[in-house]
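Here the sequence shown is numbered in my numbering, starting from 1 and rising by one per residue.
It should be emphasised that the hints constitute simulated quantities derived from the structure, not laboratory data. From a predicted model like this one, the values you see are computed outputs, not experimental measurements. Some hints could be false.
Calculated lysine to any residue pairs in the SDA-like style (CA-CA distance at most 20 Å, straight line) [stated by the list, open to error]:
#1 Lys-216 / Ser-165
#2 Lys-216 / Val-104
#3 Lys-310 / Gln-296
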Amino acid sequence: MERNAAQSPFFTIVTPNHNSGDGLERCIASLAANDTAYEHIIIDDASSDDSFLRVERSHAARPPTSLVLRRNAENLGPGPTRNHGLSLARGRYVLFCDADDTFVAGALDTLKAQIVAFDCPQVVVFRYCLQGPQGERESTPLCSQPLERTQMQAFTDFMHDRIVSAPWGKAIRADLACALSFPDLPVSQDGLYNLELFGRAARVLYLPQVLYRFDKRSDGSLTRKPFGNRELARFHRSWQVFDSRYREQFAAAHGLALLEIRALRFVGVSFIMRQAINKTHDDDQVRQVVMSQLRQSSWAALRQLSLKEKALLMSYAFSPSLSRQLIRRSQYAS
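With the hints as constraints, model all of the structure from the sequences given.
If you want it as structure tokens, here you go:
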């Protein structure tokens, strides 16, 4: 997708909104301290609070050129809502921002300067600050100065969880961002989007700066939303489609272990974690999925899992209730 630089903003920021309270206004305000041209597309996903209405009213008399406000006719979930935003994007680069999160002052100016300096990479990965009940914690740096990475280097980092699987934390060239779509799943649709993103991005740039603030102080995490049998089956099928699409390509470059490790974490560990946090479906069905993934995995992949991950998978295979107790006492439930 070509972008006319003279007619388009440099950045499009896509924000899905659903009952964000005061967070949405803080999110909007955090972008004001930038000289770079941008548009902020906010899609309200049938909120029952007045978060979106307040923004509509406050900007009705003085509509800024940077703000694009739209509503879904009904609640669709985060994946289709982000797709709605992507369909409206006019910027040269796309960023995602959750409604209760913020950018640091001057983040867009910093990003644009590095994008221009490094000849427009397809993806720019930057650091974030997690704001939780215990205070603030910055993400682990991937570099001490801007660092260019090849497709396989960045994909390997993503598969080993060195790059956050959330949609935020990266600027994506619009021709690539808009060529992909988020699957219609209640959880983990962002992880699948990013799997395909890093499976395609030929040039990736890492930045050492913290440019985003992720607010984990509320209880609105998608991880805590119901995830029933039907959703579990759809999520598993989505992974299988991705695996069949990329298995041959990545096996040739890295062997199957990399995909198998990600599958064990993405399908096995994440399912078990959700059972511990919000038990909404039968242990037998989850155990079948986990055991199937374990049987498909090589010893090379299993050996590279952390001790906690191995304990989690094995304990669930033998005793789901014991596994849930272990998770609730560990960092996984934090």
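Consistency of the hints with the structure:
Proposed proximity of Lys-216 and Ser-165 is supported: the alpha carbons are some 15 Å apart, at most 20 Å. Using a Cα cut-off of 20 Å, the hinted pair Lys-216 and Val-104 holds, with the two alpha carbons roughly 16 Å apart. Under the criterion of a C-alpha separation no larger than 20 Å, the hint pairing Lys-310 with Gln-296 is consistent with the structure, at around 15 Å.
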